[in-house]
Amino acid sequence: MLNEKVICAGFGGQGVMSMGQLLTYAGMVEDKQVSWLPSYGPEMRGGTANCNVIVADSLIGSPIINDDATCAIVMNLPSLDKFEVDVAPKGKILINSSLIEKKAKRDDITAYYIPANEIALELGNARVANMVMLGAYIELSKAVKIESLHKALQKVFGGSKAHLIAVNEEALARGAEFVR
Amino acid sequence: MLNEKVICAGFGGQGVMSMGQLLTYAGMVEDKQVSWLPSYGPEMRGGTANCNVIVADSLIGSPIINDDATCAIVMNLPSLDKFEVDVAPKGKILINSSLIEKKAKRDDITAYYIPANEIALELGNARVANMVMLGAYIELSKAVKIESLHKALQKVFGGSKAHLIAVNEEALARGAEFVR
Amino acid sequence: MAKVLMKGNEAIGAAAIQAGCKYFFGYPITPQNELPEYMSKELPKNDGVFVQAESEVAAINMVYGAAGCGVRVMTSSSSPGIALKQEGITYIAGAELPCVIVNIVRGGPGLGGIQPAQSDYFQSTRGGGNGDYKLLVLAPANLQEMVDMVQEAFDMADYYRNPVMVVGDGMIGQMMEPIEFRTPVKRELPSKEGWATTGTKGNRKPHIINSLFLDPQGLEDHNIRLQKKYKTMKENEARYEAYNMENAEIVLAAYGTTSRICKNAIDKLKEEGINIGLIRPQTLWPFPEKAFQEIPETVKAALTVEMSEGQMIDDVRLALNGKIPTEFYGRSGGMIPTPDAIIDKIKEMLGGLK
Amino acid sequence: MAKVLMKGNEAIGAAAIQAGCKYFFGYPITPQNELPEYMSKELPKNDGVFVQAESEVAAINMVYGAAGCGVRVMTSSSSPGIALKQEGITYIAGAELPCVIVNIVRGGPGLGGIQPAQSDYFQSTRGGGNGDYKLLVLAPANLQEMVDMVQEAFDMADYYRNPVMVVGDGMIGQMMEPIEFRTPVKRELPSKEGWATTGTKGNRKPHIINSLFLDPQGLEDHNIRLQKKYKTMKENEARYEAYNMENAEIVLAAYGTTSRICKNAIDKLKEEGINIGLIRPQTLWPFPEKAFQEIPETVKAALTVEMSEGQMIDDVRLALNGKIPTEFYGRSGGMIPTPDAIIDKIKEMLGGLK
Amino acid sequence: MAKVTFKEDICKGCQLCTTACPKNIIVMATDRINVKGYHPATVLEMEKCIGCANCALICPDCVITVER
Amino acid sequence: MAKVTFKEDICKGCQLCTTACPKNIIVMATDRINVKGYHPATVLEMEKCIGCANCALICPDCVITVER
Amino acid sequence: MAIVFEKTKGLTDKETHYCPGCTHGIIHRLVAEVLEELDVLGNAIGVAPVGCSVLAYDYFNVDMHEASHGRAPAVATGIKRAMPNNVVFTYQGDGDLASIGTAEIVHVAHRGEKITTIFVNNAIYGMTGGQMAPTTLIGQKATTCQDGRSKAHSGMPLRVSEMLATIDGAAFVERVSVHNPVEIRKAKKAIKKAFECQIKGEGFSIVEVLSTCPTNWGIAPTESLKWLEANMIPYYPLGNFRTPEEA
Amino acid sequence: MAIVFEKTKGLTDKETHYCPGCTHGIIHRLVAEVLEELDVLGNAIGVAPVGCSVLAYDYFNVDMHEASHGRAPAVATGIKRAMPNNVVFTYQGDGDLASIGTAEIVHVAHRGEKITTIFVNNAIYGMTGGQMAPTTLIGQKATTCQDGRSKAHSGMPLRVSEMLATIDGAAFVERVSVHNPVEIRKAKKAIKKAFECQIKGEGFSIVEVLSTCPTNWGIAPTESLKWLEANMIPYYPLGNFRTPEEA
Ligand SMILES: Cc1ncc(C[n+]2csc(CCOP(=O)(O)OP(=O)(O)O)c2C)c(N)n1
Ligand SMILES: Cc1ncc(C[n+]2csc(CCOP(=O)(O)OP(=O)(O)O)c2C)c(N)n1
Ligand code: SF4
Ligand code: SF4
Ligand code: SF4
Ligand code: SF4
Ligand code: SF4
Ligand code: SF4
Ligand SMILES: [Mg+2]
Ligand SMILES: [Mg+2]
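Chains as they are written, first to last, in numbering that gives the first Met the number 0: chain C, 0 to 179; chain R, 0 to 179; chain A, 0 to 353; chain V, 0 to 353; chain X, 0 to 67; chain B, 0 to 67; chain Z, 0 to 246; chain F, 0 to 246.
Simulated from the structure, these hints should not be mistaken for lab results. Some clues are possibly wrong.
To be verified - To spell it out: a stretch of chain V is covered by chain Z in this simulated footprint if at least three of its residues, at any positions, have a beta carbon under 8 Å from a beta carbon of chain Z; those stretches are:
| hint | segment |
| --- | --- |
| 1 | 47-58 |
| 2 | 200-208 |
Unchecked claim - Okay, the calculated beta carbon distance ranges per label pair:
| hint | chain 1 | residue 1 | chain 2 | residue 2 | range |
| --- | --- | --- | --- | --- | --- |
| 3 | A | Leu188 | Z | Thr11 | 55 to 63 Å |
| 4 | X | Lys22 | R | Asp107 | 53 to 61 Å |
| 5 | C | Glu117 | A | Lys230 | 54 to 62 Å |
As the list claims (entries may be wrong) - Listed next, the in silico EDC-like pairs over lysine to aspartate or glutamate satisfying Cα-Cα at most 16 Å (straight line):
| hint | chain 1 | residue 1 | chain 2 | residue 2 |
| --- | --- | --- | --- | --- |
| 6 | B | Lys6 | F | Glu36 |
| 7 | B | Lys6 | F | Glu14 |
| 8 | A | Lys267 | R | Asp30 |
| 9 | F | Lys13 | B | Asp8 |
| 10 | B | Lys47 | B | Glu66 |
| 11 | V | Lys21 | V | Glu41 |
| 12 | V | Lys2 | V | Asp214 |
| 13 | A | Lys40 | Z | Asp146 |
The C-beta atom is built at its ideal place from N, Cα and C for all residues, glycine as well.
Please put together the full structure from these sequences, using the hints given.
Here's what the structure looks like:
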């Protein structure tokens with residue numbers, strides 16, 4: 000029974016919201032139960048943003064993830080500090096090691112260190128670091144199929160942004176590869 | 000046990016409100032339980048005004064007089080038409096015969112016809128017709144002592160209006176005399 | 000002091016001034032106009048200030064401003080005007096400021112009419128503003144009680160740092176009864192120095208009057224603090240009058256002017272040998288739940304009588320919690336129940352009980 | 000139709016447009032801003048009009064005007080903004096006009112905070128306006144239900160000539176879930192021709208949109224008519240979802256997003272072999288009293304869970320009428336109950352029951 | 000030749016018309032009281048009327064019709 | 000001789016001060032990031048500063064003190 | 000003989016509740032006559048205020064809304080946006096428009112809503128028994144300023160037309176009076192222009208009409224006309240403040 | 000060396016939550032400096048609005064009230080009438096003052112309340128994420144007019160200072176800007192005059208300050224200053240509209 004509860008967190012500009020939305024979208028494409036819940040309000044002015052994504056086989060109760068995240072994807076240090084505690088035992092934490100030098104403290108969860116910004120820069124687009132992380136997450140969790148994410152990308156990058164699809168797909172692949 | 004419930008009614012300018020207030024005041028002077036309740040709002044724009052006065056020995060429940068008035072004092076025709084029904088059986092109705100040609104319809108109440116405006120004019124002040132009626136009522140009901148009314152008059156016509164006290168007292172007396 | 004005969008609305012004003020109210024901000028609306036009019040004349044003589052605000056919204060916010068400075072301040076209105084004040088009221092409650100608000104209720108909904116009504120019970124006790132706040136709500140039944148309550152209202156407001164609402168209707172506002180101004184039982188009132196905005200004079204930290212808490216935990220803590228205060232109010236301030244409760248077969252629940260009509264009905268029935276009791280809440284919030292929980296065994300049913308389509312009955316039923324059946328009799332829109340109609344309803348219920 | 004992924008606030012707008020809503024009058028306030036923003040963009044494309052009013056007071060009065068012309072119209076706001084609309088709302092209810100009002104509730108009292116809350120339950124169900132009026136109040140728990148309800152709300156409003164309020168919170172407004180736009184079950188809607196103000200065209204008597212009745216008897220008659228309508232609503236529109244009621248030892252009562260957290264708690268407890276049920280009111284007014292009156296024998300107690308300091312619990316207690324004890328668990332100010340805290344509370348209650 | 004007609008029963012006796020008549024021919028009929036209880040306005044010397052309609056213009060209660 | 004001091008930690012990197020300096024001596028210190036995560040403003044050639052306080056006047060965050 | 004003047008079809012048969020000599024009645028008639036002359040009775044939707052003219056919905060022979068106190072312009076906005084081809088007007092007193100409804104009147108002007116407002120300035124709250132209005136004159140007595148309005152306490156009376164004339168969307172702004180037949184004729188012309196301005200879609204139009212309140216001024220009706228002329232006009236000068244040509 | 004410029008005592012130590020380059024911060028400082036220079040910090044009571052400056056109560060080093068949206072002038076009226084010897088001011092945005100709070104600002108002017116208002120016009124709703132304000136310029140994009148404000152739909156932007164200047168009780172009305180040091184100095188002078196006007200008891204005083212909102216304009220801070228100068232000032236001319244001498 001799939002019941003993935005993912006926290007995506009980072010700075011405002013790091014695309015954590017759209018990373019979460021893409022995952023949600025892909026889940027929907029597969030006819031799974033999904034929900035996406037952003038933080039909002041002045042906490043965002045502080046510069047950090049985060050969202051809760053649930054992808055499940057059966058009906059979702061609350062869209063809030065309390066301390067039972069199956070995975071936290073943290074793009075910056077404050078997010079690591081804030082959300083490490085919310086991962087359920089045996090859960091995963093994916094850490095953007097390009098920006099976070101610190102290591103995860105807990106030993107009842109598995110930490111993955113992914114140099115997302117560096118990989119993104121290698122791809123020539125610093126803004127796809129989020130997709131690198133997402134690719135890694137999908138590889139590890141198998142929450143959705145990679146094809147579903149591709150479909151989701153088609154939807155999200157319709158029209159004038161279509162040229163961005165390729166690099167995003169690439170980033171997903173590189174992220175997956177990194178943790179494979 | 001005194002429990003007088005009096006409806007005073009007439010045109011706007013006929014002093015029905017102050018007639019009621021004076022009676023109330025006199026009751027208070029005698030340490031009786033009293034209440035005065037005016038009609039208010041747009042019904043007054045129509046030109047008629049009325050108030051409910053209760054003078055009693057024991058605690059007054061509602062200040063409203065429903066259909067249990069011990070007396071109705073009506074100064075004009077619409078008031079007769081409106082309030083005759085509200086007098087309790089064996090009650091009184093005092094009719095200003097100067098302005099009302101009609102007679103009371105009911106025979107289970109006692110009607111008194113008092114040419115209040117004429118008496119007032121005889122006293123040289125058309126505006127004391129209300130006091131003529133009040134004097135008559137007091138004589139008939141003995142609700143309060145005439146001295147208490149005099150005291151009330153002193154209170155109400157303080158200062159610049161003091162010269163009006165005499166003619167008002169006279170009017171009370173003439174009203175009383177008329178029904179004696 | 001000697002008794003004086005005054006119109007209800009003016010008596011409210013006189014009582015407020017006696018209680019040290021120096022500021023009044025209001026906007027005209029029938030049937031409470033004599034109150035602002037009285038204040039406009041009398042406050043300046045008493046070293047106070049009357050301002051006719053541009054609206055009820057402005058009036059309640061002026062009250063918020065003045066109350067934050069620690070002065071005794073009041074406003075009044077009638078039903079739709081009170082509806083407009085709901086945002087301001089929740090701010091005042093949230094910022095924990097003392098003030099007195101008078102509602103001389105008229106028939107609704109909407110513009111409705113101007114005759115007496117009690118259809119703002121929910122508005123007063125449940126709050127039409129947002130959030131979990133409570134007002135102390137006093138409901139006098141006669142003018143003497145009203146002036147006593149208005150005076151005490153200022154003390155209560157200061158004591159709890161909470162807005163107090165006094166609820167009357169056109170009958171209360173317009174009638175005259177003899178009244179005596181007496182000094183309310185003194186409470187130990189806390190000093191306002193610790194929070195009132197009077198200028199720092201350079202020797203203390205700024206005081207801030209505020210209801211904003213962006214941090215949810217901060218806002219919840221604030222709410223918990225408020226609830227604690229409300230609990231104290233509930234324990235200490237619920238008041239009622241019990242009338243003819245001994246051997247009563249049915250208990251009436253009625254407040255304000257309606258309770259007086261109920262008394263007439265009760266007295267009439269007594270003459271017929273029928274015993275009916277009355278519980279008259281003097282505080283609508285806190286509601287005198289205990290009075291209902293402690294009704295004598297003889298009472299087989301309750302009848303709530305209101306000038307509304309049935310609002311206080313919720314609180315009566317909540318207090319009784321299913322103990323005895325509760326029925327309702329009401330008139331609305333400015334129509335006033337008659338003793339006879341109440342008697343009919345009681346007899347019908349007695350019939351059903353037998 | 001295929002499923003789409005949308006933000007709650009935008010989905011409300013999309014659902015409204017699907018339902019034929021052509022007019023939206025609103026004023027910005029967090030956390031519902033995406034709704035007016037969406038309407039400002041989408042309505043003109045759909046032959047409709049969006050106007051950003053100068054205030055919530057103006058917005059609700061614009062709604063009153065447009066609704067009187069018989070068009071489908073909507074407004075939205077959040078807690079303090081809804082407080083400001085109370086006068087307008089009672090007018091609309093009094094004049095019996097159909098419209099849809101959305102409240103995306105935030106923490107209070109006063110300015111409070113902007114995180115999710117349910118502390119406007121009283122404001123929605125008891126009315127903060129004056130008089131004896133009622134709104135139909137819908138409380139969706141997920142986005143699919145929300146778009147369904149918003150669509151149906153317009154039909155309900157037209158059917159009863161009554162304002163309908165849809166209550167959500169920041170969670171509902173901000174989250175994304177897949178939704179499908181479906182056509183609501185069709186009602187036979189009465190024609191508006193008999194009352195809408197569209198100009199007499201010289202061939203009928205003027206239509207008048209009004210809530211003023213100076214004659215008390217007229218106003219009471221109007222109220223009695225309204226009450227009759229409310230009774231019909233009560234009989235026909237109360238809705239709820241029952242979850243895991245079979246053999247439940249305790250029944251939870253929760254609405255909106257809180258009910259989802261309760262379900263998580265229930266599912267967790269089920270794994271431990273503990274059976275807890277949930278009654279989730281989908282309509283807050285009329286309150287689904289029957290659901291509580293018909294709880295199975297196994298249920299020994301009720302627990303109301305709210306994001307408030309305790310408001311719906313009154314209705315739960317009124318519905319239960321003393322049948323079983325009712326406890327309360329709540330968080331407020333934007334704090335959100337966790338399944339674990341609810342579980343702790345339930346276990347504590349179970350301990351007491353044994 | 001001109002003519003003014005008063006719906007006497009709806010006259011409120013306010014006298015505004017009397018101030019507006021250039022010919023000063025409108026007076027209050029002190030000899031009678033209408034159903035509202037007012038002395039209604041009336042014209043005594045109709046032949047002087049010039050049909051200017053000033054009276055009708057100022058009457059707040061649409062009491063007056065003017066013909067010419 | 001004049002001197003400006005920046006409380007670097009509270010600088011928000013908005014660059015408004017750079018537009019206001021008549022001597023064009025304020026630059027963003029791209030070599031460092033303050034606790035807020037911004038490159039703070041700084042003056043490189045302090046000797047050119049005339050102490051006009053324009054920079055301080057326009058700084059929305061009271062970062063700058065000017066002495067002369 | 001032909002009829003030179005008779006009651007307009009723009010008014011219903013209902014007798015008004017206005018006090019004797021109250022000029023609200025004249026203003027009602029002028030508006031109704033204009034609507035009739037412009038042949039828009041079948042197309043008009045009016046909005047009554049809360050004030051003495053609260054019952055205007057009973058008198059105008061057109062579809063009407065009764066608005067909450069001060070909000071008639073917002074109600075009219077809702078109506079006009081929904082029914083852009085109808086002629087929409089508000090009829091408001093000075094308490095309604097210049098006090099509680101200030102934001103609403105400023106913002107219909109600001110948005111240039113294509114509605115017409117008839118603003119009856121009688122320098123007092125008539126309906127509620129004579130309280131001070133923002134337009135009450137200095138020294139004028141009212142029940143909430145029983146010694147007369149003072150500048151020190153309440154400021155100088157608000158000149159609404161002058162204020163609104165600063166707003167671009169207010170296409171037509173004129174102040175008129177109805178204290179004698181000459182002015183009544185002018186008032187009607189202004190009202191007509193205001194409606195024409197709406198019909199042509201030129202923006203918001205408002206006519207401020209100086210009016211009497213014999214009852215609450217405590218002055219006989221005929222004397223009230225004189226009092227208006229002698230006291231109100233000097234402070235509230237008559238004239239046009241904006242016309243579409245100008246804008 | 001002497002200190003020529005340091006942070007005023009009129010501000011607390013708290014760092015503001017404003018976005019980088021938001022000129023709210025400059026305006027706060029000017030007000031605080033003026034209060035310090037007039038030596039009324041211990042005597043001042045300020046009123047914060049609802050808007051981005053909602054937390055102004057944390058920044059000004061004086062007693063403060065946080066008012067409900069738009070009602071700061073009414074709150075200030077309550078304060079000033081209760082505390083006539085204190086210096087009372089409101090600090091309000093354009094949504095707060097020119098939209099929801101229109102009635103309240105007009106009526107403090109009308110009554111001539113002896114308070115001072117600092118009106119921060121940034122042509123947008125900052126706090127709530129960039130919705131159209133009454134002062135949003137034609138063509139300017141906002142989240143509730145995503146194709147830019149159009150005159151046909153929303154009218155021309157409201158010029159508040161010009162409108163208030165028609166009101167007698169508004170003793171001092173001036174529009175200033177803070178887009179460069181020269182204008183900042185002028186702005187401070189105006190603010191000082193406004194407070195002096197209050198202290199002398201001459202009536203209501205208001206300073207409209209043109210301000211930027213880099214975040215919701217979507218323009219970098221330094222570019223925002225230029226945008227203000229190029230776009231706002233032509234429509235909102237700087238200058239004095241009323242001074243006590245004149246009145
Ligand atoms: C919200 C609200 N506030 C107050 C009132 C009471 N009220 C009714 S009419 C009125 C003022 C009327 O004055 P004005 O607008 O000048 O009209 P007039 O009667 O003078 O023609 C007021 C304050 C109300 N009905 N509703
Ligand atoms: C009654 C009410 N309505 C709406 C809001 C939401 N709100 C908060 S700030 C704001 C507008 C802020 O804009 P402005 O006054 O221009 O200030 P700025 O943020 O631009 O400085 C609004 C609409 C609220 N808090 N209360
Ligand atoms: S029409 Fe002219 S002249 Fe004739 S009565 Fe009327 S006002 Fe006088
Ligand atoms: S103006 Fe009209 S109402 Fe007044 S007196 Fe003349 S006819 Fe009668
Ligand atoms: S004080 Fe003047 S010269 Fe010196 S850095 Fe600042 S702006 Fe430049
Ligand atoms: S103006 Fe101030 S905050 Fe902005 S860069 Fe310069 S020093 Fe930093
Ligand atoms: S109270 Fe005044 S405004 Fe109202 S109808 Fe009477 S005279 Fe006219
Ligand atoms: S949103 Fe705009 S007004 Fe608000 S702090 Fe940021 S830049 Fe300033
Ligand atoms: Mg008026
Ligand atoms: Mg702004």
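We went through each hint and held it up to the structure:
Only when three residues or more bring their CB closer than 8 Å to a CB of chain Z does the claim for the segment 47-58 of chain V stand; here the count is 8, and the claim holds. Here the segment 200-208 of chain V counts 7 residues with a CB under 8 Å from a CB of chain Z, which clears the bar of 3, and the coverage holds. Restraint check, A/Leu188 to Z/Thr11: a C-beta distance of roughly 59 Å satisfies the suggested window 55 to 63 Å. In this structure the supplied range 53 to 61 Å holds for X/Lys22 paired with R/Asp107, their Cβ-Cβ distance being about 59 Å.
Distance hint check for C/Glu117 and A/Lys230: the Cβ-Cβ separation is about 58 Å, which falls inside the suggested range of 54 to 62 Å. The suggested pairing of B/Lys6 with F/Glu36 is violated, with an alpha-carbon distance near 24 Å, which exceeds 16 Å. A hinted pair counts as satisfied when its Cα atoms are at most 16 Å apart, and B/Lys6 with F/Glu14 qualifies at roughly 12 Å. Simply put, A/Lys267 and R/Asp30 have alpha-carbon atoms about 24 Å apart, too far for the 16 Å limit, and the pair is violated.
Annotation: proposed proximity of F/Lys13 to B/Asp8 holds, straight-line Cα distance about 13 Å (limit 16 Å). Our distance criterion of 16 Å between C-alpha atoms is met by B/Lys47 and B/Glu66, whose separation comes to about 13 Å. Among the hinted pairs, V/Lys21 with V/Glu41 is consistent with the structure: their alpha-carbon atoms are about 10 Å apart, no more than 16 Å. Between V/Lys2 and V/Asp214 the alpha-carbon distance is near 54 Å, which puts this suggested pair outside the 16 Å criterion.
About 9 Å separates the Cα atoms of A/Lys40 and Z/Asp146, which keeps this hinted pair within 16 Å; it holds.
Hints 6, 8 and 12, counting from the list given before, are not met by this structure.
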